[in-house]
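S.K.: Given next are the chains, with one letter for each unit.
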Amino acid sequence: MADFANLVLGVDTSGLKRGERALNDTTRAGGRTERAVKGTAQGFDRAGRSAAMATPKVAGFGSATNVTRGMAIAATRALTGMVIGLGAIIATSAGLSKFVSATVTADASQAQLGAAILSTGGSANRTIDQLNQHAAALQDVTNFGDETTNAMQGLLLTFTQIQGGTFDRATVAVLDVATAMGTDLNAAALQVGKALNDPVLGMTALSRSGIQFTESQKDAVKAMVATNDILGAQNLILNELERQFGGSAIAARDTLGGALTSLGNAWGDLFEISSEGSAALKAAVESLIVTISDPKFIASIQAIGVAMFGMAEVAMKALSGLVGVFDLLADNADILVISIGVLAVTKLPALAAMAISTTGWLIGMTGAMTAASVAAGVLAVTMNLIPFVAVVTGVTLLYRAYRDLGDTTGVTAAVTDTLSGSVDALNVALDTYSSSRSEPARQAAIDSAKAMEADAAATLANVSAKLAFLQVQADSNALFAETANQPGGLIYDLKLQVAEAERQLENARRTMQGLVRDAAEVNDEAGDLPPIIRAATIEASGLAGQMGAAARNALSFVQNLGNANISGLRAEVASLRGGGSDRDAFEASIRGSDAFQLALTGPVGLAETAIAGLNEELDAFDLRAERAALNADRLGSSVGGVGGAASATADALQDQISALEDAADPVRVYTRELAKLDELKLLGLSDGAYAAAVEELRDQLKDATPEVGKFTSMFKDGMGDAIDYMVDGFKDGFRGLLDILKSTIMQAIKFAIANPIKIALGIGGGAAGAAAGGGGGLLSGAMSSLIGGFGESAAIGGGIGATLGSLAGGTGLLGGAGSVLAGLGTGGLSGGVAAIGSAISGVGAAATAGTGMIGALGAAAGAIALPLLAVLAVVSFFKTKTKLIDQGIRATIDMESAMFESFKEIEKSRFWGLSKKRSTSYTAISGEDAAPFETAVFGIQESVIGAMDSLGLSIDALDGFTHEFKVSLKGLDDAAKEAAVLDALQGLGDAMADNILGLSDFALAGEASYATLTRLSASLATVNDAFRDLGFAAFNVSLAGADAAAQFAGLFGSLDNFTASTAAYYDQFYTNDEKLANATARLGENLAALGVDFIPATNKAFRDLVDTAMIGGDSDLAANLIMLAPAFDAVTDAANTLSDALMAAVNEDAFATGVDFRRGLSRASNGIEYTPQQSQAELMAELRSQNALMQSTLEIIANSSTQTAENTDYSNALTLDALV
Amino acid sequence: MTTPLQILVPLAVADANITASNVALETAWTAGTYTIGDQRRVDERLFEVSAASTTEEPSDTATDWFDAGPANRYAAFDRQLGIDKYRVVETKTSNADSITYTIEALTRIGGLAMFGLQAASISIVATVDTTGDAANISYTMQDATDYGGSLWRWMFLPATFERKYINFAVNIPAGASIDITITNTGDTAKVGTIALGIVSQFGTVGTSTGKKLLNRSFKKTSGTLTSLLQRTSSSLVSYNVTLQNYEGDAFWRLVEDIQGIGAVFVASDLYPEYSIYGTLSSANPTTAGVGISKAIIEAEEL
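Residue numbers (this note's numbering), protein chains in the order written: chain A, -19 to 1200; chain B, 352 to 653.
Hints in this document: simulated from the structure, not taken from any laboratory.
Owing to the predicted nature of the structure, the values given are computational and were not obtained by experimental measurement.
Glycine included, C-beta positions come from ideal geometry on N, C-alpha and C.
Each hint should be verified, as a subset may be incorrect.
Partial pick of chain B residues on the chain A-facing surface, computed with a CB cut under 10 Å [to be verified]:
no.	residue
1	Pro355
2	Val479
3	Gly483
4	Ile488
5	Ser551
6	Gln552
7	Thr583
Listing some non-contacts, in silico: residues in chain B with all C-beta distances to chain A over 10 Å [what the hints assert, rightly or not]:
no.	residue
8	Ile387
9	Ala447
10	Ser501
11	Thr536
12	Arg582
13	Tyr622
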């Protein structure tokens, strides 16, 4: 490396000397301007002439270079020499140009530095000399030239906060950063300059560029800036920059590349002339400017320009060629030695001949070139080098061709082998096809042909490419031409391979065409076949049927003939042939006939005629007998044949049937074969053989199982259909019953269950819901109805309470009562009982409908009042036509039973009224007649018990409870009777409620016990039920809790208002999924009450549930489920709506990955919301906005606490920055 | 560019074909109760519970489970078949230090390719009778650090390695046992796709073959927040292919065969950027002269 540097320096020194001499000459010429102009003009004239002379020769050289491509490459070396020669011609000008260029660059950087110092007022405290010295020093140890560094310093000077020693450090830091970050010097200077000029902002900028500072460093810099310690901040930044990048520039210099760069910088400096030194040149240049304006000078320049451009063009082409040659040499330097060695052994003679030939040509060219140009005086020397280069190049090319040939030949051989293999494979496939003519074999053959076609194509392509390559080599190189077309020659062989590949390719195509034709023919034939086959099949089928029928008929015929016909015929023949009795009888009959006797006794001849006729008849008889016998024999024979054939056919059919049955029933086969094995075992079959045979039988049975499975499946299907049919029928029948059941209890239960659920869903809520609930408080009514509907009788008291309240108010009831009583009066007992019956139904309905407030709604009250009117109607039973003093009803009641009696007090007066006697008689009312009373009494009892239960009170308080009332009805009008009965029943409720300890403490002024109890119960149930949906904590189940609930409801004015308000609030302010959850919970509870511990997922599942209950005979469950259907439907509708909404919310754009999207979709379909994790970018954006808000807040706090914003804590902000 | 267009149609590699692997299998599903987020494997796929709780058996039609992609061991062989997988295509098999497979019972293999590699070296050993007699390939992943026009950049950036490996010069007979080893000692080895199959080649790929990026990310603005929703992009490569008349039908048959499945498309070794694992997007051969058709074949990278 040192030698190389010395060599370059030596050359450059000589150039420098030449340059100095040229400058001296020019300086001297500058003093003699006019003479110099003339001299220069004359000089250029001469040069122009010389160039004109050189031009055609150069052109001739140019054409000569086209002789061969290889020779052209060699010729470029000559042009290189020519360029050097031209360089020698204009050495002075070139040297001058270099000097001028370098000096101008140096002057420009100095001028920039001076301007920067002036414009910044010398803020950096650095002079031009100081900056130059620093730049020069840096040039020695880095790759940056002093002019480059000066330019950067000029930029750095514009940052006026960088001063003194800091400026020097910054200069070095810029070089390091630029080196390490791979940026240009000016960009690095701007970064570092900004950072040092404004440390706080600058550090952020550096962070964005990848230069990181720790939080503590950032804090420290802020603190320093805040205290105006700019220098300290700058030092911190410089320290960090030096820590991260310090020495990068110097390290870069310490490489070969760096050394070369440095060498270039030093080389450039050689041409920098001091301003004093360049002054004379400047003067000379000024005079030259005058000189070049001279027309003669211009003409000379243009003349020489033409010549130079012509030469330069050739030179450039030559240089481009040289580049390739040098690349080639460089790339193959490692193989040159090897290749030469190889060639020496293998192709030495040809190589030597070629080298000699080349050398000879080159020598010739050298001679031509020697005479080509005056300036080409050095060409001969250059040309001396060309043979070596040309030989090396040629050798390299030859070696590479040889190597490539070997590679491609190897590949070609492999490809050809593959083709050979595929040909073999195709032949095998074709053999298979020709022997089997099957479609799979044809397909296999086609596939094989395709493979062969592909291999042949690949071979063809490969070999063709190789052939083309070799052909080029053969055309340009005798080495290959010699063997190109001879057997054993590479090209010859390759051509053979090409021919073979083409032939095989053609074979493959023809084979495939043949196979395709085969296929077409087969297709054509196959196209014709189906009708034939179909016809044949039909025919065969018909034939088989006919054969079967024939066989059956024949068999039957044979049997019939055998059993009857033949034997009958034979018997007839026998009788004809046999004892002759018939014949004799026949003869006797003839002989005994009158005609025969007449003939015998008549004239002669007549008897003979008669006997002859008799004999003829007898002969004919015999003949028939003979024919009959013959026919019988023939028939017997035929029947025997047919019977044999039919028997054989029947046997064959039987065999087939047996085989089919065997196939259908492998178990039968198994059993039969096992039996045979058992027999064989008895005959001595060994245990091992027996076991093996049994195992085999089992395997066969196992294999046959699918057939068994099919049968089983068919059987099951059939049975399934049958069962379905039966069930459908049952369902149809049951639907009628169901309708009846529905008509009786649908209203109550549907309302009881669906209503709270609908309310929970927000469907039909509000005042309308309150009204629908019977006016006794929306939710409580629903709740109590719900419970009541399922027989738990929790809040029946509400209903009764309302009833009593309504009756007490006497609103609109008397008319109804009157009509009932009137009916009793006219229609008698049966009509009255019927009315009572319907009224009792009304009681049940009203009780289940449930109301919470006394005097709430006339409709509900009216419904419940009916049974009580019916009770009054019964009272009419006790009317008597006798004179009564008093009459009425007496009831004796305890918690187990109730006894009802009618009583009459009669006054008997004796004639003349002298004595009066009163007596009271009691008569038990029959069970049937007492039933309405019992219902009413038990209703009140249950309402009290239900209310106590809903308040958490123990019914032990009612242990031993007894009550008796006596209602006198005599002389009362209907209204008074009604009032009397109701008073008595009210008294029963009060008497029971009086047993509740502490109840009176919560009674309103003037409020009876029973009213207090029902009011508290209804309030607690209503409010807690509403609270449940609203998610509020429920009031305690106690008297105190109920009182609190009542007071809370009182805040709304009434329980009705509470219900309406909370329902509206729930409807408007609760989300659909909250409502759905509440409704679902209620539905779940209802289902659980029915023993169904899950909520069906779909309508179908719900229907399955009902169907299952029906099929299982649980008609109660089925009916209750059906009554739940509206509620379930409401829930599922809501769920579907919610699910649809969720599904709609799953927007693909909200998910970053496919899995997230699928997760979102799948969960939404299950009603579960899924929010994907926010992307990092989103989080950061959010954090940034929060950060900005926080900073703003901190500044406000700081200001209000008399601190400056700069002193606030930026640590959080910096933390976030670091996160970014 | 005068090389043919080469297309490798990957063979289906199922559980039965993988006779050994060091990639652990996820827990298989068994009957029981699972809660939301639970993942279980069924054959080659992973399913995740999407209901609060379920006893349902996972399947494509299950309502309480969804297909969360291939199991780790099978991700490399996931051919993306099936209906609408919602872009679950960025699946990779990963394992500490190395990934090994022993694959058997495949038909003949004329080419193999791996994409989405994170490995220092790979090895393919195919055996019929004696180890490696059908193929014995070792390859060290080359440094593919972004040069970016700056030597300094190249020097200072940490070394990165090639992410794909394509070798269409193998001939592994049917039924061979193939051992694949992907090594990245000291780090996690990953591979996105391993494609093994027969290579078909057609025509010559001409100039104007090009590639363009299909960006999937997009800017999202919500209120005052603006962010970039990042998604994996893909690319669309257009191959300009000249077909001879005898290749036309065969080519079109292959086009029909590879619709909707992933395949390896290779244009030329000189232009590695056009060698991709993708799915055929379009193909439109048009007559260009006697016996010659020109076709633009587009494949979208998976």
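S.K.: With a cut-off of 10 Å on the beta carbons, see whether Gln552(B) makes it to chain A.
M.R.: Holds, because the Cβ-Cβ distance from Gln552(B) to chain A comes to roughly 8 Å (cut-off 10 Å).
S.K.: Beyond 10 Å from every chain A Cβ: check whether that's true for Tyr622(B).
M.R.: 19 Å, holds
S.K.: Does Gly483(B) pass the interface check with chain A, least Cβ-Cβ distance below 10 Å?
M.R.: 19 Å, violated
S.K.: Determine whether the non-interface label on Arg582(B) survives the test: each CB of chain A must be over 10 Å from its CB.
M.R.: Violated, since 6 Å does not exceed 10 Å.
S.K.: Determine whether the non-interface label on Ile387(B) survives the test: each CB of chain A must be over 10 Å from its CB.
M.R.: At roughly 7 Å from the nearest Cβ of chain A, Ile387(B) sits no farther out than 10 Å, so the non-interface label is violated.
S.K.: Grab the minimum beta-carbon distance between Ala447(B) and chain A and tell me whether it stays above 10 Å.
M.R.: Label holds. Min Cβ-Cβ 23 Å, cutoff 10 Å.
S.K.: Minimum Cβ separation between Ser501(B) and chain A greater than 10 Å?
M.R.: 4 Å, violated
S.K.: May I ask you to test the interface hint for Ser551(B) with respect to chain A, counting a Cβ-Cβ separation under 10 Å as satisfied?
M.R.: 8 Å, holds
S.K.: Regarding the hint that Ile488(B) lies at the interface with chain A, is the smallest CB-CB distance below 10 Å?
M.R.: Violated. Min distance 17 Å.
S.K.: Please verify that hint: Val479(B), Cβ, nearest Cβ of chain A, below 10 Å or not.
M.R.: Interface hint status for Val479(B): violated (16 Å vs cutoff 10 Å).
S.K.: Beyond 10 Å from chain A, beta-carbon-wise, is Thr536(B)?
M.R.: 30 Å, holds
S.K.: Given a cut of 10 Å on the nearest C-beta pair, is the interface hint for Pro355(B) held or broken against chain A?
M.R.: Because about 8 Å separates Pro355(B) from the closest Cβ in chain A, which is inside the 10 Å limit, the hint holds.
When held up to the earlier numbered hints, the structure conflicts with 2, 3, 4, 8, 10 and 12 and fits the remainder.
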